[in-house]
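Peer 1: Respectively, the protein sequence lines represent chains P and G. All residue numbers for the first sequence refer to the working numbering, where the first residue is 1 and numbers rise by one. All residue numbers for the second sequence refer to the working numbering, where the first residue is 1001 and numbers rise by one.
Accuracy of the hints is not assured; some may be wrong.
To be verified - Derived Cβ-Cβ restraints for the label pairs, each shown as a range:
1. P:Lys124 to G:Leu1144: 41 to 49 Å
2. G:Glu1105 to P:Pro74: 17 to 25 Å
3. G:Ile1025 to P:Gly127: 43 to 51 Å
As the list claims (entries may be wrong) - No farther apart than 25 Å at their CA atoms in a straight line, the calculated lysine-lysine pairs in the DSS-like style are these:
4. G:Lys1171 to P:Lys125
5. G:Lys1147 to P:Lys96
6. P:Lys114 to P:Lys61
If you are wondering where the hints come from, they were derived from the structure by calculation, not from laboratory data. By construction, the Cβ of each residue, glycine as well, lies at the ideal position given by its N, Cα and C atoms.
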Amino acid sequence: MDALDRKIINLLQTGFPLTEAPFLDVAVQLGVEEKELLKRLSDLLENKTLSRFGPMYDAQKLGGAFSLVAVRVPEDKYEIVTAIVNSFPEVAHNYKRDHDLNMWYVLATDSPEKIDEVNAKIEKKSGLKVYNMPKLEEYYIGLNLPV
Amino acid sequence: MMDKAVADKVIIEPETEEKVILDDIDRKIVDITQSGLPLVSRPYNDIALRLGIEVSDVIARMKSMQDSGVIRRIAAVPNHYALGYKANGMTVWDVPDDRIHELGEKVGQLDFVSHCYQRPRFLPEWPYNLFAMVHAHDRAEASLLVKKIAELIGEDDRGHDILFSTQILKKTGLRFNQ
Chain P
1 MDALDRKIIN LLQTGFPLTE APFLDVAVQL GVEEKELLKR LSDLLENKTL SRFGPMYDAQ
61 KLGGAFSLVA VRVPEDKYEI VTAIVNSFPE VAHNYKRDHD LNMWYVLATD SPEKIDEVNA
121 KIEKKSGLKV YNMPKLEEYY IGLNLPV
Chain G
1001 MMDKAVADKV IIEPETEEKV ILDDIDRKIV DITQSGLPLV SRPYNDIALR LGIEVSDVIA
1061 RMKSMQDSGV IRRIAAVPNH YALGYKANGM TVWDVPDDRI HELGEKVGQL DFVSHCYQRP
1121 RFLPEWPYNL FAMVHAHDRA EASLLVKKIA ELIGEDDRGH DILFSTQILK KTGLRFNQ
């Protein structure tokens, strides 16, 4: 990654225009050829420096339901509980974290009732209590990390 | 930290968001673009051709989705990990309920915070009601970021913690059912 790649990432993290020739607009701003910008972007996506490029949708506004759920899993049961939790397609992410509540998964379902249903099934199968922590309020989503 | 937890009367109702009404064409635009914009000179024209509509219509619809918040923004999303941000910590804070909205807005504005939410407490074992994800190169840098947030919250900080992820157990891309 060179200086131009960094400039491209830093600028495009903040937004992208809704115009007929948006890459040309951005290229002019960066002082490069449009072709060069497209090539660079394609490479940055290809080599996974960027995880995506495009509109970021608020899935909740599209009708989905989400929740973050924590579980306190005994170390000797960790593997089996991981398998149980991960077996549900509604579990989008699952992370091990260094806390007494040591498993944190994200549920993505098409209705709020479904969140409770999946959590109840996980409690039953694992024999562990789950702590359902849906967002009550969202303050910000987005990130500007200088690269 | 838990002893400071106060049994505030919190409303534990998930926020009910007004659903935005999208028509079939809007939904097709969502479907086509959710994995990314086409990397061609005129990406919106590309979408328009696929849907058999005018490019001005695509732009107007996407603009309206941006205004209503269905599209948070159109942007490049860096892979933090590939860029050296290897310490990704979930910071959690116990702040007074009557102060949380103001504090959440302030914390969310920080450049190194990616997500900032109010979530329910589980007293007494989980007193934290404000969550902010921070991204740092290492744990030492993450601790400095925690300090910055603590300074911002000031005396309303009744206790906090940071939970680092030590293993990704599952990670799938989110696809929305149309």
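Peer 1: Would the pair Lys114 (chain P) and Lys61 (chain P) pass a check requiring their Cα atoms to be no farther apart than 25 Å?
Peer 2: holds (17 Å)
Peer 1: Quick one: are Ile1025 (chain G) and Gly127 (chain P) within 43 to 51 Å, going by C-beta?
Peer 2: Given about 48 Å between the Cβ atoms, the range holds.
Peer 1: Could you say whether the range 17 to 25 Å given as a hint is met by the Cβ separation of Glu1105 (chain G) and Pro74 (chain P)?
Peer 2: violated (39 Å)
Peer 1: Do the alpha carbons of Lys1171 (chain G) and Lys125 (chain P) lie within 25 Å of each other, as the hint requires?
Peer 2: Satisfied, since the Cα-Cα distance of roughly 21 Å is no more than 25 Å.
Peer 1: Taking only the CA atoms, is the gap from Lys1147 (chain G) to Lys96 (chain P) under or equal to 25 Å?
Peer 2: holds (24 Å)
Peer 1: Okay, Lys124 (chain P) versus Leu1144 (chain G) on CB: inside 41 to 49 Å?
Peer 2: holds (43 Å)
Hint compliance for this structure: hint 2 is the single one not met.
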